[in-house]
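Q: One-letter residues, chain by chain:
Protein chains: 2
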Amino acid sequence: MSKPDNPLANVRIVLSHTSHPGNIGAAARAMKTMGLHDLRLVQPKSFPDPMAVAMSAGSTDVLDGAVTTATLSESLAGATLVAGCTARRRDLSHDLLSAREAAPILISQASVAPVALVFGTEMSGLTNAELDQCQMLVRIPANPDYSSLNLAAAVQILGYELRCALPDSEYAVADARKSLAELAVHEDLELFYREMEQALLQIGFLNPAAPRRLMTRLRRLYARTRLEKDELNILMGILKHIKTPTPARPVEPENS
Amino acid sequence: MSKPDNPLANVRIVLSHTSHPGNIGAAARAMKTMGLHDLRLVQPKSFPDPMAVAMSAGSTDVLDGAVTTATLSESLAGATLVAGCTARRRDLSHDLLSAREAAPILISQASVAPVALVFGTEMSGLTNAELDQCQMLVRIPANPDYSSLNLAAAVQILGYELRCALPDSEYAVADARKSLAELAVHEDLELFYREMEQALLQIGFLNPAAPRRLMTRLRRLYARTRLEKDELNILMGILKHIKTPTPARPVEPENS
Numbered sequence: 056m057s058k059p060d061n062p063l064a065n066v067r068i069v070l071s072h073t074s075h076p077g078n079i080g081a082a083a084r085a086m087k088t089m090g091l092h093d094l095r096l097v098q099p100k101s102f103p104d105p106m107a108v109a110m111s112a113g114s115t116d117v118l119d120g121a122v123t124t125a126t127l128s129e130s131l132a133g134a135t136l137v138a139g140c141t142a143r144r145r146d147l148s149h150d151l152l153s154a155r156e157a158a159p160i161l162i163s164q165a166s167v168a169p170v171a172l173v174f175g176t177e178m179s180g181l182t183n184a185e186l187d188q189c190q191m192l193v194r195i196p197a198n199p200d201y202s203s204l205n206l207a208a209a210v211q212i213l214g215y216e217l218r219c220a221l222p223d224s225e226y227a228v229a230d231a232r233k234s235l236a237e238l239a240v241h242e243d244l245e246l247f248y249r250e251m252e253q254a255l256l257q258i259g260f261l262n263p264a265a266p267r268r269l270m271t272r273l274r275r276l277y278a279r280t281r282l283e284k285d286e287l288n289i290l291m292g293i294l295k296h297i298k299t300p301t302p303a304r305p306v307e308p309e310n311s
Numbered sequence: 056m057s058k059p060d061n062p063l064a065n066v067r068i069v070l071s072h073t074s075h076p077g078n079i080g081a082a083a084r085a086m087k088t089m090g091l092h093d094l095r096l097v098q099p100k101s102f103p104d105p106m107a108v109a110m111s112a113g114s115t116d117v118l119d120g121a122v123t124t125a126t127l128s129e130s131l132a133g134a135t136l137v138a139g140c141t142a143r144r145r146d147l148s149h150d151l152l153s154a155r156e157a158a159p160i161l162i163s164q165a166s167v168a169p170v171a172l173v174f175g176t177e178m179s180g181l182t183n184a185e186l187d188q189c190q191m192l193v194r195i196p197a198n199p200d201y202s203s204l205n206l207a208a209a210v211q212i213l214g215y216e217l218r219c220a221l222p223d224s225e226y227a228v229a230d231a232r233k234s235l236a237e238l239a240v241h242e243d244l245e246l247f248y249r250e251m252e253q254a255l256l257q258i259g260f261l262n263p264a265a266p267r268r269l270m271t272r273l274r275r276l277y278a279r280t281r282l283e284k285d286e287l288n289i290l291m292g293i294l295k296h297i298k299t300p301t302p303a304r305p306v307e308p309e310n311s
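First to last, the protein sequences are chains C and X. Heads up, the working numbering is the position in the first sequence plus 55, with the first residue counted as 1. Heads up, the working numbering is the position in the second sequence plus 55, with the first residue counted as 1.
Bound-form chain C, shown alone (with noise of 0.2 Å):
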């Protein structure tokens, strides 16, 4: 994310209360891995302190960068958009949004004004003060019988989901392989299919008066791995060793 308008520049994560320091630390990092950097701390009970710095392995420009206030309502000064993190259902009228559904509204503002997160105490969360601060609460879906997520993979979840609801979010990777490897041509496909046929027919595996399922099958079978050029060569490098075993080769084959 170098680019100069980068929604995430302009999202807060705002820890409340915290009282472990090594949960600060472990917040750093989780921020760090999804392109966070702004921490704000209100009233932590052990600021700076060295085992943040050990839990945040190697995210010290985010620790060194935290900003600690003794008021929420300081860190969330010029911010547009405030969203309290919530374990629990709370009965009060709040919009209550999965993270996945909060998401896109924050990194939406985002990408013109200051967002903030908010995160309360590992113990009991956010009080009913705070809450009057934020606009929305979001909710990570959880196992109900144990939805005890420790903070900074609470923190690591929502950021995982901004970075996913950015505009050119790289989550969409399913086809890297694909756009990097050269495939095979349809009609050098039909080749192969046919060499098979023959092969199978020679040694015996395949019934000429029954052959119609089984080609059917491997063609299938072929046909999810969307075959490279360079794997199909070595499948046609087999095939012809299969119709003429040339035992104890003595080099690599030409077509691997």
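Bear in mind the hints are in silico, worked out from the structure with no lab data behind them. Being a predicted model, the structure only gives us computed values, none of them experimental. Be aware that one or more of the hints could be misleading.
If several chains are the same, the list does not tell them apart, and a pair holds so long as it fits within one copy or across any two.
[Claimed, not checked] With a cut-off of at most 30 Å between alpha-carbon atoms, the simulated DSSO-like pairs for lysine-lysine come out as follows:
(1) Lys284 / Lys100
(2) Lys284 / Lys298
(3) Lys295 / Lys100
(4) Lys295 / Lys284
(5) Lys298 / Lys100
With chain C held as given, fit chain X onto it using these hints.
A: Using the frame of chain C, we list chain X on its own:
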């Protein structure tokens, strides 16, 4: 998730050669918050360990049920789909999916048979030998300048995506084929690769002086297909006939 057919019960989290027992405990906590319980440990440096218990924050049931094995293969026995978690883009030809793309595929398969998610060491991730036992790679989108997610954080995000992909989740996406087909299990795939290697040696395609790259390429090619049990039977039948050709075979092969 009280449904008897809870797909999360079929998802194994496999941690290979974990250095720090605290990370095992934190991973157990991350698992439990998302409803995962099946933890496998391949040669952990220290387990059981008080540090694991301390970091599990009450997820001792997950730790108590953890199975420790000497090899990755043992932890994968019975698994029908194996995904390796990687922070890097790899140059080989595995399918590389984002966590969000992989989750519905894993959940879909887990609704019928066991699947596994494999995490390598904290320092260096999965080895190439471990990658060879995976059928897909999963990547968590991260800050390219600092992609160093804590092990438990990676487990947390993958678990979160799996939970969001549950059929009764509003985010679920279907994958029709895999939910119908019975996939081959890990140990049968390993047997297939061993038989293939022998057959390729016999016909002189594989050079025993430099065999490694060829088998890796073939492994990855077949890994991408996620072979069905019946398809594996066909391929095993072909290998048998390559080793012992029986020309003019009069009947349908019994394996097809």
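Q: Against this structure, judge whether each hint is valid.
A: Evaluated hints:
1. Taking the closest pair of Cα atoms, Lys284 and Lys100 never come within 30 Å of each other, the shortest separation being 36 Å inside a single copy and 42 Å across copies.
2. For a Cα distance limit of 30 Å, the shortest separation of Lys284 from Lys298 qualifies both inside one copy, at 21 Å, and across copies, at 27 Å.
3. In this assembly of identical chains, Lys295 and Lys100 lie within 30 Å of each other by CA distance neither inside one copy nor across copies; the values are 41 Å within and 48 Å between.
4. Taking identical chains as interchangeable, the C-alpha atoms of Lys295 and Lys284 lie at most 30 Å apart whether they share a chain (17 Å) or sit on different chains (27 Å).
5. When the C-alpha separation of Lys298 and Lys100 is checked against a cutoff of 30 Å, the pair qualifies neither within a copy, at 43 Å, nor between copies, at 50 Å.
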